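Going line by line, the protein sequences match chains R and F.
Note that my numbering has the first sequence beginning at 1, numbered continuously upward.
Note that my numbering has the second sequence beginning at 1, numbered continuously upward.
It is worth saying that the hints were derived from the structure and are not from the lab.
Please note that a few of the clues may not be correct.
Unchecked claim - Some but not every residue of chain F turned toward chain R, in silico, with C-beta under 7 Å:
| no. | residue |
| --- | --- |
| 1 | L82 |
| 2 | V87 |
| 3 | E117 |
Bear in mind the structure is a predicted one, so any value in this text is a computation, not a measurement.
The beta carbon of each residue, even a glycine, is placed where N, CA and C say it ideally should be.
There are 2 protein chains.
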Amino acid sequence: MNNGKHYSKGSSMPQLPKDNKLVLYSMRFCPFAQRVHLVLDAKNIPYHTVYINLTEKPEWLVQKSPLMKVPALEIPGEAEPLIESLVICDYLDEKYPQVKLHSTDPLRKARDKILIERFSSVIGPMYQIYTFSASDVTDAVRQVATGLQLYEDELRKRGTKFFGGNDRPGMVDLMLWPWTERSHIITLISDKYELDTERFAKLIKWRDDMANDPAVKGSFLSAENHLKFLETRRTGSPNYDILVNQAKKMRTS
Amino acid sequence: MNNGKHYSKGSSMPQLPKDNKLVLYSMRFCPFAQRVHLVLDAKNIPYHTVYINLTEKPEWLVQKSPLMKVPALEIPGEAEPLIESLVICDYLDEKYPQVKLHSTDPLRKARDKILIERFSSVIGPMYQIYTFSASDVTDAVRQVATGLQLYEDELRKRGTKFFGGNDRPGMVDLMLWPWTERSHIITLISDKYELDTERFAKLIKWRDDMANDPAVKGSFLSAENHLKFLETRRTGSPNYDILVNQAKKMRTS
Chain R
1 MNNGKHYSKG
11 SSMPQLPKDN
21 KLVLYSMRFC
31 PFAQRVHLVL
41 DAKNIPYHTV
51 YINLTEKPEW
61 LVQKSPLMKV
71 PALEIPGEAE
81 PLIESLVICD
91 YLDEKYPQVK
101 LHSTDPLRKA
111 RDKILIERFS
121 SVIGPMYQIY
131 TFSASDVTDA
141 VRQVATGLQL
151 YEDELRKRGT
161 KFFGGNDRPG
171 MVDLMLWPWT
181 ERSHIITLIS
191 DKYELDTERF
201 AKLIKWRDDM
211 ANDPAVKGSF
221 LSAENHLKFL
231 ETRRTGSPNY
241 DILVNQAKKM
251 RTS
Chain F
1 MNNGKHYSKG
11 SSMPQLPKDN
21 KLVLYSMRFC
31 PFAQRVHLVL
41 DAKNIPYHTV
51 YINLTEKPEW
61 LVQKSPLMKV
71 PALEIPGEAE
81 PLIESLVICD
91 YLDEKYPQVK
101 LHSTDPLRKA
111 RDKILIERFS
121 SVIGPMYQIY
131 TFSASDVTDA
141 VRQVATGLQL
151 YEDELRKRGT
161 KFFGGNDRPG
171 MVDLMLWPWT
181 ERSHIITLIS
191 DKYELDTERF
201 AKLIKWRDDM
211 ANDPAVKGSF
221 LSAENHLKFL
231 ETRRTGSPNY
241 DILVNQAKKM
251 RTS
């Protein structure tokens with residue numbers, strides 16, 4: 001990830017060096033875009049990042065991503081970018097097999113894809129909490145915990161450090177990470193909610209191990225910073241560059 | 001597909017021969033389950049089918065498919081079945097590569113997966129029409145046509161008989177088929193709605209070619225039969241065995 005600002009309405013198209021690198025159209029706080037950053041970083045694939053203001057989208061974006069979506073991955077020499085985070089990540093895993101993220105066993109790979117799909121049972125209530133739209137926060141937190149049980153059980157069953165083995169995070173680990181990184185927001189919003197340390201012992205250890213992985217560090221933002229952005233979004237005018245401005249302020253103070 | 005009845009509440013678990021074959025838990029009129037039938041048939045993989053009454057599910061289903069969903073694919077020797085139609089189909093394509101359905105080129109495969117994903121823009125309004133829940137049928141039909149434009153354009157661009165080439169249907173073809181098979185229902189419901197034969201010339205030709213494919217014939221039901229089932233569903237008590245009963249009646253008359 002770079003520290004650049006988000007391109008918005010009225011901006012000119014970024015002039016990138018003609019160095020044949022992939023270009024990722026992203027948004028700094030988007031968990032789906034982060035999935036692609038994680039895979040690119042885990043595989044040490046060099047790429048450019050172009051951040052997009054999703055509220056006031058630049059007019060030229062339609063030339064780069066016809067559906068105006070992020071994440072979108074531009075491939076040198078290809079007219080149309082790839083979209084959909086899971087499609088992009090699977091593509092990268094097949095195209096750059098040096099660091100393999102999916103299992104090479106079809107059945108294990110299929111089970112891993114089901115685990116990734118079923119994480120929507122965690123993402124849904126989490127999203128409600130983060131966007132302050134949950135009608136009953138206690139109930140939403142309970143739903144998150146119910147959803148997480150499957151992952152705690154699965155880690156116990158596998159008996160490995162990561163879902164992808166003992167050496168390093170695999171595809172399941174990386175696809176689940178963006179929401180894990182944001183999970184501490186719940187505690188920041190209300191200190192009533194802490195994950196049960198016994199019930200989720202494996203997942204908590206996993207979260208710590210993940211946070212120390214170099215690929216994860218590449219796109220890591222603290223829950224405090226995620227929350228800062230979400231609070232600007234809550235007001236109706238999200239400040240995509242809140243961290244850029246903060247860095248500037250720190251430099252000039 | 002077999003011609004058996006759907007297992008429902010109170011039924012005993014089916015006793016299948018111990019012949020090491022895959023078992024597909026299915027519902028005769030479910031388009032997502034049909035995707036798996038199509039892939040199994042296209043690859044000539046032998047399997048058993050167990051049809052499930054989705055309104056009055058058999059109690060034992062939870063032992064076979066913990067989320068009580070169909071399609072679910074039971075693999076001999078494995079405790080838990082695979083679920084999610086696309087996950088199952090991708091698994092079968094990797095596990096049984098003799099007849100390859102996905103492209104071996106990662107970029108082409110990724111683009112094909114996006115085509116399959118984006119078909120939801122057709123499935124959504126089609127489903128509203130079929131279930132008689134569209135508030136404005138003319139508008140829903142317009143949405144279907146708008147969604148189909150991408151596929152007409154893509155077939156023209158590829159210049160092949162099928163999305164997967166000239167020889168035989170590939171993964172895109174098979175994943176789109178179940179809704180194509182049902183598309184004539186719209187005309188049965190109201191003869192006002194016919195696909196514009198010039199605008200969709202390639203897709204109409206494709207539909208005819210697909211209908212002649214042996215794998216497609218294996219699970220084919222006429223739009224009239226699909227509609228018969230949908231009409232029983234509309235009354236609130238879907239008759240899953242409507243074709244079984246019909247066959248019986250024909251035999252005894």
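### Task
Any hints from earlier that this structure breaks? Give me their numbers in increasing order, please.
none
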